[in-house]
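Enquirer: From these two lone chains plus the hints, build me the complex, please.
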Amino acid sequence: MDNDSDILLVRRLKQGDERAFNQIVNRYQQRLYYLALRMVNDHEDAADISQEAFVKAYEGLSKFHENSSLYTWLYRIVINSAINHQRKKRLWAFLHLEDMKSLSGSPSGSPDKVLERNELADAVDKAIQELPEKQKAIFVLRYYENLSHREIAEIVGRSVGAVKASYFHAVNKLRKALARFVE
Amino acid sequence: MRCSQARRLFIDFCEGELSGDLLNRLKSHLDACPRCRQQLRSLQRTLAVLREVEPAPAPPGFWEHYLVEVRRKIDAKNRSRWLSRLVPSLGAAAAAILLVFLLLTGRQKEQNPLSVSWSTEQESIGYVAYLGTSVAESVDVVQVLGEKLLSSDEIASMESLYCPSEQMTEQITQIAEEMRLAYEAYYNPQKGGE
Ligand SMILES: [Zn+2]
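The listed protein sequences correspond, in order, to chains G and Z. Numbers 1 to 183, taken from my numbering, label the letters of the first sequence in order. Numbers 1 to 194, taken from my numbering, label the letters of the second sequence in order.
Chain Z on its own, in the form it takes in the complex (with noise of 0.2 Å):
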């Protein structure tokens, strides 16, 4: 048995798993090849290393909550259905467009709203794209974009957002409407007008 032969046979062999002719042929290669003996030892010391360490537990009274967790996100995805019940009427575009509104006007900029660095135009439709495959995904876009774009408490209005009443669900069309005109306006100029 030539070395690369036995050292593929170690895994196996930690796991207990040769038997008969191989088991013997290894352990004679073993025998007589002080190399793979060694390297054997060295894997061997590794998975016990690995066994050794436990990950870190988790914090105190983490699996108390961890269902009411779980149920509390089940609910809240529930009620972000309200969200994809608007994209069918508006269009994902618009949706899109709506959600980057939310996050820009938070931030009070004096600038066009849509002139932020990763709103090339390319990028916008790609993002619009993204949106429009999956409201619920978006969220998860929208909280690394608010990671990066907004503080702590614009992100928190951002997150009351998907659970509104029915009469901000109304404002929200309404203002994604006036904002899907703005986006028109801004990327057709000539058309829209000054």
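The following block holds chain G by itself, in its conformation from the complex (with noise of 0.2 Å):
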């Protein structure tokens, strides 16, 4: 039962099996966490920001159509969330003053936490929150969720070119933010 395709998930809980979402929970949750993850680079807010996603996508599957698939919906979901996420952020941290640093993700969470992860892993974490919304968006979907660009483009709602040429100046960025640890 649990291999059941998505499309089939999705009829099922069209027709008000109530298990078909809890299997597509169960399917995407790891890849939607993590995805927000890389995009947020804190737990709570990507725990939220994923777990939105599923109620969003809960309330609005009669807007979902077949021939889209279910996960490229649910990543556009989370990546439009979390793009509004660390607007809103920014947005406040700018109108009350505060450290921006704690937007690029300083080391957070307890302090055992900052003691596992070391230099490097702290140096791509603020490598990538740096780059700009959109091309960080980009970069995650291509570089480590491995969607094709025309996946990406339906996603970000860029022309596959745009999203080529991000992806291009996005790994050019990182490559010298990173320079220290790799020349």
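Simulated from the structure, these hints should not be mistaken for lab results. A portion of the hints provided could be inaccurate.
[Claimed, not checked] Just the calculated beta-carbon pair ranges, DEER-fashion: (1) G:Glu130 with Z:Met1: 38 to 44 Å; (2) G:Asn26 with Z:Pro57: 16 to 22 Å; (3) Z:Asn78 with G:Thr72: 54 to 60 Å; (4) G:Asn118 with Z:Cys33: 32 to 38 Å; (5) Z:Asn24 with G:Glu44: 49 to 55 Å; (6) G:Leu61 with Z:Arg45: 41 to 47 Å.
[Stated by the list, open to error] Result set (EDC-like, lysine to aspartate or glutamate): computed pairs, CA atoms no more than 16 Å apart in a straight line: (7) Z:Lys73 with G:Glu59; (8) G:Lys126 with Z:Glu54; (9) G:Lys89 with G:Glu44.
Virtual Cβ for every residue (Gly too), placed ideally from N, Cα, C.
Expert: Here is the structure:
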């Protein structure tokens, strides 16, 4: 039963089978969470964004068309929420003249978590966080999620050419940001 | 092939997407150009490093409760629809004022409850418009405001208002009406009198 295709699960859910929704959550929870985590670099926010994406999917199911795939739809919800979240956070930090460093994710969480993750990991997180939001999304979807340029174009609402160009710029920025670790 | 052309092909090259003539031309450029070789190497190492660093694992117990948490959020949203139902009868402005009121009475302020730093008229109107678009979204705003203006206990009492009893809904409707009058008096003092 766990092998039902996404489309079948969506059909079952539309017919009122709530277990199908649980299966969708189980199938995609890790991917959505880690996608959000790469985008916002904060556990609590990533948990919230990914869970809210399922809530939105649940509520918006009638708007889902079977000619697009479930995961690109879910990814799009997460990416849009993550981008909005970062903008809101930036605006809020700006209004309150807060330390902008918290946005680029200086080591957060419990002290032992900070100890576990080394300097390189922090530099990677920071470098990714400093990319412009859409560029970051494109990089994460391509590099970590292995999506095709066309799928990414669909998710972020840009042309395939623009996606390729953004990815190129993102990788070059990361190369420069991480130069001292790789040269 | 020029260096700039060669460098534009690096990513496709790393992803194994180059073939035929283009691949051969890139290879012969690399053979002849130490600077491009060096840059390609640094790109490959960057990509390797990015792959190597795993995201921090989620805390223990997180995945076990994930689905329950999603379900809880769906239920909470369904419950918060009571407020959406309230909006058409009160108007978005009154609903917004209600929220502002709820925020501020929690603080037991001596001064006029509307005279906090962000409640200049424009900001209030902007805030009202924002809340007017979607009450569900306003929950986010309230939480953000809450983090800045209220203690955690006060936030908790705010949150409990999102799933109130029927009796509470009635009380809130009444408070909202009072607030609407107070709001009008505040912004049109000559009309409202002393
Ligand atoms: Zn060259």
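Enquirer: Give a verdict on every hint.
Expert: Outcome of the hint check:
no.: 1; hint: G:Glu130 with Z:Met1: 38 to 44 Å; result: 32 Å, violated
no.: 2; hint: G:Asn26 with Z:Pro57: 16 to 22 Å; result: 18 Å, holds
no.: 3; hint: Z:Asn78 with G:Thr72: 54 to 60 Å; result: 27 Å, violated
no.: 4; hint: G:Asn118 with Z:Cys33: 32 to 38 Å; result: 34 Å, holds
no.: 5; hint: Z:Asn24 with G:Glu44: 49 to 55 Å; result: 51 Å, holds
no.: 6; hint: G:Leu61 with Z:Arg45: 41 to 47 Å; result: 44 Å, holds
no.: 7; hint: Z:Lys73 with G:Glu59; result: 11 Å, holds
no.: 8; hint: G:Lys126 with Z:Glu54; result: 14 Å, holds
no.: 9; hint: G:Lys89 with G:Glu44; result: 14 Å, holds
The structure shown violates the earlier hints numbered 1 and 3.
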